[in-house]
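If you follow the hints, you should be able to join the two separate chains into one complex; please do so.
The lines below spell out each chain.
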Amino acid sequence: MKKKIRTILLTLSAVLFLSACSSTNKNKQITIVGSTALQPIVEVAAEEYQTTNAKISITVQGGGSGTGLSQVQTGAVTIGNSDIFANQQSGIKAKKLVDHKVAVVGIGPIVNKKTGVKNLSLKQLQGIFTGKYTNWKQLGGKNQEIIVINRAQGSGTRATFEQHVLQGKNAINTQEQDSSGTVEKMVASTPGAISYVAFSYFKKDVTALKVDNIKPTDKNVTTNTWKIWAYEHMYTKGKPDKQTQKFLDYMLSATVQNKLIKKLGYISIHDMKVTTTKEKAE
Amino acid sequence: MMDKIKEKIQNNSRETRQELRGRILTYCAIGLILIVVISIFLFVALKGIATFTQDKASLKTFFTGTNWNPGILGSDGKPLVGALPMIAGSFGVTILAAIIATPFAIGTALYMTEIAGKKGRNVLQSVIELLVGIPSVVYGFIGLTVVVPFVRDHFGGSGYGILAGSFILFVMILPTVTSMTVDALKAVPKHYKSASLALGATQWQTIYKVLLKAAIPGILTAIIFGMARAFGEALAVQMVIGNASLLPTSLLTPASTLTSVLTMGIGNTVMGTTANNALWSLALILLLMSLIFNILVRWIVKKGRM
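These protein sequences, in sequence, are chains A and B. Note that numbering that gives the first Met the number 0 has the first sequence beginning at 0, numbered continuously upward. Note that numbering that gives the first Met the number 0 has the second sequence beginning at 0, numbered continuously upward.
Don't read these hints as lab results, they were simulated from the structure. Mixed in with the good hints there might be a few duds.
Said to hold, decoys possible - Distance condition first, Cα-Cα at most 35 Å in a straight line; then the derived DSBU-like pairs of lysine-lysine:
(1) B:LYS46 with A:LYS100
(2) A:LYS92 with B:LYS77
(3) A:LYS262 with A:LYS54
Everything numeric in this text was worked out from a predicted model, so none of it was measured.
Just chain B, same shape as in the assembly (with noise of 0.2 Å):
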């Protein structure tokens, strides 16, 4: 009988056991995970770092200049990487549509927060969640067959360029910046409005003094959220920007942007010449321009809460 009590309480029980295999497999799982984004990374920066490293270009030439065209060596025996257009090009279109889009985002989560009934709200609701699953094919094509003629009548100019792509991506990036929103105007507590709306403020008043200001953070960081999916699309803006290397002039002449040239080029170069060394180096500056993208989301949260 005392043995018995004995090899129970000195060995694992099946609850111990199956806590440890639990643990193993959340562990593998995390593990994988780590693998695969340390060795994505690494291996974008291997690549990408190789067109200065192997192809001697020079950093100033990547980040300065506006002759892209890694297949060529240029007067002074380097190859031609200049990045710049599609440096200006991406961070043109990315922070044009958010500038479109904060207001309409903001406004949307306001009725559907504050005003709309509950049967209002989950239409909005599902007309969001529509728009998240249009593939962006899709909006590729209605930017060629509507937005590029609409800007081409009523801006000018032969239609593609940095506006158009702004218009495609100010609808595609609209729901998430809107869902967001709505989440952080949700997180204000309840307190806050009551207390605003007892001292006898309207509900406009109450609206952008007191709700607004207390959702700040969360609005900025679903507007960077935005951004960040709006930096990395590819193929609707690809359709719709023009695809011209060319430093953009204005709004509406042809422009390009890292993701664009990227996806035209890949399929055409052979590894390991400068051609796809130099569009590596393109996808190195998006995997960075996320991370940054991240960390300052991570920052304005950690401000927020102070």
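So here's chain A without its partners, still in its complex pose (with noise of 0.2 Å):
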């Protein structure tokens, strides 16, 4: 019995063994983290790659946009999927990452369905976020208090949606939430609750809003009618090797674009009738 065990034991070592050697040997690795909402995308296209690609083997992990340019800043990953651009991010030396652009987000002002408001201008939507509208009858909706719910501090969505809506001036301090699917689900079951997210999130039971009479659609971000958007980026440190590279240009192939992204609500990068580069001066 006790032999048995053991030949088990040591025939099972070895099979661990020589696997990882032939995974060394064979497969070239890709490791790919960060950005959440970059990672669906990810995740699939790498799973579509690998089919035709045996040789390569890529894992996908979230963590947010600061984990992945960081980790990629070390070394620790080949690419780092990032929400805004490098140079945004305290703490990383964008000089040294290169950006590969792989699809574009539009982002927009949801608020719960009871608060009558379909439309605001641009400096309205500012009120409410800098604390200077408190309730919906000053905006003309419904006698409500005005419950703000921001993204967390260092969001690539709440960036980006803080660039374009309050141009340098500061927050409330308010209510905070992590993940967009949680933000959408509180606006939707909160009274006269206001909130952003990317477009895939806009569902039936929020509203989302106009701003200064412009639609958030998939169309107006392509001519920059809508200026609430940003790029999905994908970080490599320095020049991205060969296997790297392929997998980056399957990123911008016809079937990823046209297909995937645009299933999963982002907006395809070949789309864009504008090139803007809304990096923050250094």
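Dropping the structure here:
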């Protein structure tokens, strides 16, 4: 009996050892870490890519834009996903990183259905998030206290929203939530609530606001008529190697851009009629 | 012949070798665990202290300041790391949850040990075990869809706040406190109860004059273990407390806890920056608090024995 166990253990370890060897010899490892917004796209793309390129093994993880940027900067991972430009993140030396923009995400304000407001001017929106307005009555809605729900400090969505809406002013210190899904649920269930999410989180139980009478649609983003949008970045440390470049090319290919990215509610980078380098001055 | 016996006596027998092997195995296991614990402690401590040594934040601001914005320097050139709102929030939900949970836990435990038959005990036991098994994200979603609107409709405010967090934590720590209270009650010597009943005390008198008194150290331990669990809970609380780094003015205004700020911020900051170090300082407080809870439990157990 004892002997049997020993043989089993030995074979097991041998198998493990061999498989470990083969994976380092044959397969090229690409590790991708960062933005949770970009994660689902990259995950599916990586899966499809691996079915035709068996020699590459791609691991995709979340962790947030900050984690992605810092990990790729130290060289711990191959690609760092980020919702914001590298130089918008403190502690990152953007010059060492190479930016690969793979998609565009539109972000828009959402409010609870019962506020009675469907359109706001940019100034009014700014007033809400800086604490100037506290009741929907002041904005032509119902007599209902405004409850502002922010995203977490340092979140990519928040950085983009504040850049366009607050324009340098400070947001009021208020409730914060970490994930877009939770934010959407909270706005749907809390009377008087307002927040902002990516277009893909516009659900039927919340009202997506028009800003200055412009509708938050993909089409308006591609022409920059709707101003609140951001690139989704995949950063590499220095120039990517051949295998990594091939995967990045795949991310930009028609299969991913026209099917996957649109299916998940993002906007294809090829549809953009404008380009901006909305980078913060260093 | 002589040689064979001599050899057998002088050399290690199979059993001795087995003993030695077993010993080495346990030492290895203990050593590994010790290394893990010590390195976690050192790592968190080093990172947490960096806020004060490297980024020059003052310890006083950290414990008494109310402005939490570690990425930005204040007017005095020091980072804004006022952690008082989070510390107050954490203690607020923990203590409130323990206050609500304790009577329910003691009641349930008494029912299970003194009143219920075997069937009732088994049913309750499995109910409690079920509560332990529910993942905290499920508690969080229930909190978001049921508890928050309930608090909003019956108590006022937006619903998000310490009260909603306490309600969630109350259910989450109930099983811990209950099952440990059951153990404490069971540990009371049988002859205490027999003596009390023989003197003519009713069941109720026996329970609150004898059983509960004798079990007090055990019950206190149970409550502190529950508080430790509540203090460290992150996800469920984060979903209902509102996460505003403001000093709570009432139980109904959005507040935040150490854990909720930690989990929200850690993915969005970069290792080595002030914002990141400040989060590690919060983690250090959490670690120290769990240490304090542990020491408290040991102290109570020791006192109870005397």
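So, going through the hints one by one against the coordinates:
no.: 1; hint: B:LYS46 with A:LYS100; result: holds (34 Å)
no.: 2; hint: A:LYS92 with B:LYS77; result: holds (23 Å)
no.: 3; hint: A:LYS262 with A:LYS54; result: holds (28 Å)
Of the hints listed earlier, there is not a single one the structure fails to meet.
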